Every structure is written in structure tokens, then in C-alpha cells.
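Using the hints, put the two standalone chains together into the complex.
Chains as they are written, first to last, in my numbering: chain A, 7 to 113; chain B, 4 to 122.
Where hints are given, some of them may not hold.
Said to hold, decoys possible - In silico lysine-lysine, DSS-like type, Cα no more than 30 Å apart, as pairs: (1) K48/B with K113/A; (2) K48/B with K67/A; (3) K80/B with K16/B; (4) K80/B with K62/B; (5) K113/A with K67/A; (6) K48/A with K16/B; (7) K76/B with K109/A; (8) K48/B with K109/A; (9) K113/A with K80/B; (10) K109/A with K80/B; (11) K113/A with K45/A; (12) K16/B with K76/B; (13) K113/A with K76/B; (14) K8/B with K51/A; (15) K51/A with K62/B; (16) K62/B with K48/B; (17) K51/A with K48/B; (18) K67/A with K109/A; (19) K48/A with K113/A.
Treat the hints as calculated values from the structure; they're not laboratory data.
These numbers come from a predicted model, not from an experiment.
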Amino acid sequence: DIQMTQFPSSLSASVGDRVTITCRASQGISNFLAWFQQKPGKAPKALIYAASSLQSGVPSKFSGSGSGTDFTLTISNLLPEDFATYYCQQYDSYPYTFGQGTKLEIK
Amino acid sequence: QITLKESGPTLMKPTQTLTLTCTFSGFSLSTSRVGVAWIRQPPGKALEWLAVIYWDDDKRYSPSLNSRLTITKDTSKSQVVLTMTNMDPVDTATYYCAHLVYYYGMDVWGPGTTVTVSS
Numbered sequence: 007d008i009q010m011t012q013f014p015s016s017l018s019a020s021v022g023d024r025v026t027i028t029c030r031a032s033q034g035i036s037n038f039l040a041w042f043q044q045k046p047g048k049a050p051k052a053l054i055y056a057a058s059s060l061q062s063g064v065p066s067k068f069s070g071s072g073s074g075t076d077f078t079l080t081i082s083n084l085l086p087e088d089f090a091t092y093y094c095q096q097y098d099s100y101p102y103t104f105g106q107g108t109k110l111e112i113k
Numbered sequence: 004q005i006t007l008k009e010s011g012p013t014l015m016k017p018t019q020t021l022t023l024t025c026t027f028s029g030f031s032l033s034t035s036r037v038g039v040a041w042i043r044q045p046p047g048k049a050l051e052w053l054a055v056i057y058w059d060d061d062k063r064y065s066p067s068l069n070s071r072l073t074i075t076k077d078t079s080k081s082q083v084v085l086t087m088t089n090m091d092p093v094d095t096a097t098y099y100c101a102h103l104v105y106y107y108g109m110d111v112w113g114p115g116t117t118v119t120v121s122s
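Extracted from the complex, chain B is given alone in its bound form (with noise of 0.2 Å):
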């Protein structure tokens, strides 16, 4: 059974740098076509995605973000690590990883955690 939960601050303040962290389990991103990505609800609002890292390191950012955006993982913990520098009280959303297999999207989601940005 694949599972992923999301952790990290619940209260920021403008400029300073987020940093979530994704712990899964039931699989490997040593696995050939695995990815894990982020996606981001603000209140009330659609889905936005912002990142994935595969298997093999690839690495992908949503372009309005990539300059604030770093994806890493650790295999041998089964984490992704997703850093935002900057960030603003327009960042304010529920941050959700979910886990990714090419050609079958995402598939499972974490319950996702709510950051927000507030000075």
C-alpha cells in the first residue's frame, strides 16, 4: 500500500524559506518510471502543481516558480524535500505531494499540510 505524508511549518513569515518534506512508503524511487510531485491548493482556489524528481534525478519546476524552487530526494529515507525561498503571503495554501508513475499520473496523494504565510 503506497502512502505519503507531508511535513513542515504551519506559520511563516514573508521572505524567509519554506521547507517540506514528503515521507512515503510502499515504494522505491530507485524504481524505473517513479516520480514523486508537489502540487499546492491555496484557499478556495484550483490545484497548482509545482514539482517532480524521478527515479533518475530528473527534475521539473513549474517555470512561474522555478526560481524559487529546489526538489531533492533521499532514497535510503524515502523522502522528497521541497525548498520555496522567499515566500509571500500570496504562498499561503495546502502543500500536497503525491506519488507518480509515467504514464498513470498521480495516483496517490498525501493528506497534505497547510502553510501559512503571515507577518
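With the rest of the complex left out, here is chain A (with noise of 0.2 Å):
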């Protein structure tokens, strides 16, 4: 199994900062790397494909980068609604995998 790693696994910031979240593949996956956000109790919400694509619908402060190993997700000013647990996944080889997300958290 390709294994992901996320760093940093929480983030501290506040409204307006700009964030950004580190995925590390255990392989080489080209772009095949998809961000999620989750909020409490609510099912992860697609916010990026083949690793800086938008999903449609999903705002321009988003922004994905990498390919390969090395892949991040930025956010910028954030407001109080992008407080949530962040989770890169693969989608080149089967089985698909996670990232143990990253909780971003208002300072």
C-alpha cells in the first residue's frame, strides 16, 4: 500500500492567515492526489483533484501544488468556516489512501 503522510497534523492560525498543509507519498503517484475538508460531524467535502484542480464550486483561496511524492495544500484568509480537518488521499494505485489528516484550528 501506498502510505500518506500529512504534516503538520494540527496547525494553529488565525482569521486572515494563509495556511499550508504538506502531503508525502511512499511512492511516486504523479498527480493523483485528491484534498478533502471534514467539519464535525459532516462527511468530507472534495475540494481538489490531480492535485491543484478545483472541484467545482470550491473557492480560489484553495490551491493545490506537487506531483510525485510532494504534495501541499494552501489556503488563504481564512475565515472562520475553513476550521476543519484537512486529508489528502491517493487515487494511483489501489488501495486508495488517506493522509491521518491535519486539524487547522483558530489561534
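Below you can see the structure in the form of C-alpha cells.
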């Protein structure tokens, strides 16, 4: 299985800040990388596919980059509704695997 | 508009077989490149991918659960069914189904259904 490692596991930031979350794959996955946002008690919401493409309806404050093994998710101008847990997921090979999550908290 | 909804038992006893149904609308599972995946999340833990079935009936499973999982589709009913045998308390989780398209990944998820396994 491909292991996905996210860091940091938690992050404190203020409204208006810009933050970056990193995801590393244990082997190359080309650009088959997705990012999800999950709020407590809710289903994950798809943000990005193919490492850098926004899902429909997702604001441009979310951006993704990377290829191969190293990927980042950047969120600019944080709003209260952006504080949530974020997961990366590879879909290059089965089983599709998720990172352990990064909890973004308000400072 | 694509929607999915999971249904099934909320409480199970160890060794029982779990049957979950994902009922969807807004797409057809006979459309090329389309699939439905199952993912679960134990309380307070990360997401775990379980299985996927595609429009052409191709099926893939998590190797760690492969012997316990079966995924099937009923295109006419717009449903995908996941069965998991020999349930254990560690299988207590919220189970999600999601719409998937090759290259675009899992773009729409159901709200999830919580399954508790306890004697």
C-alpha cells in the first residue's frame, strides 16, 4: 500500500492568515492526489483533484500543488468556516489511501 | 445534481454480516468512467478507503479487508451494496459512499451512516 503522510498533524492559525499543509506519498503517484475538508459530524467535502485542480464550486482561496511524492494544500485569507480537518488521498493505485489528517484550529 | 445516501443497520453484534446500501441520483452507473466507492471513519480517526465498483463491474477492495467485503451494483435501482462479514467492535465507524470518476476522484459524498458493533 502507498502510505500518505501529512504534516503538521495540527495547526493553529488566525482569521486572515495563509496556511500550507503538506502531504507526502511513500512512492510516486504522479498527480493522482485529492484534498478533502471535513467538519465535525459531517461528510468530507472534495476540494481538489489531480493535485491542483479545484472541484466545482470550491473557491480559489484553496490551491494545491505538487507531483510525484510531495504535495501541498494552501488556504489563503482564512475565514472561520475554514477551520476544519483536511485530508489528502492518493488515487494512483489500489488501495486508495488517505493521510492521517491535519486539524486546522483557530489561534 | 448528484446525491448519495447510505442506509443500513445502526447496531450490530460481533460476527454478524453488515449490509449497507448506497442509493444515488443524478448519475448512472452505466456511464463510462464512473464508479461508487465506500469509505469508513472510526470515531475520532482518519478516513479508510474500503472498496469501489465501476460502470463496467470492475471491483477493487482494500487488501486488509478483502476477504470480508463484497460490493455489488444494481444499475436499474441506482444502488450499490457493500457487505462486510464477521463484524467486530473495531469495525464501529461511520460508513460513507462517494461518487467517483476516473481522474477526477471522489467528488460527491453521502452524509454517512454510523454503525456500532457491540455485544
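Taking the hints in turn, this is what the structure says about them:
no.	hint	verdict
1	K48/B with K113/A	holds, 23 Å
2	K48/B with K67/A	holds, 27 Å
3	K80/B with K16/B	holds, 29 Å
4	K80/B with K62/B	holds, 19 Å
5	K113/A with K67/A	holds, 19 Å
6	K48/A with K16/B	holds, 26 Å
7	K76/B with K109/A	violated, 35 Å
8	K48/B with K109/A	holds, 12 Å
9	K113/A with K80/B	violated, 48 Å
10	K109/A with K80/B	violated, 38 Å
11	K113/A with K45/A	holds, 17 Å
12	K16/B with K76/B	holds, 26 Å
13	K113/A with K76/B	violated, 46 Å
14	K8/B with K51/A	holds, 15 Å
15	K51/A with K62/B	holds, 24 Å
16	K62/B with K48/B	holds, 26 Å
17	K51/A with K48/B	holds, 17 Å
18	K67/A with K109/A	holds, 18 Å
19	K48/A with K113/A	holds, 22 Å
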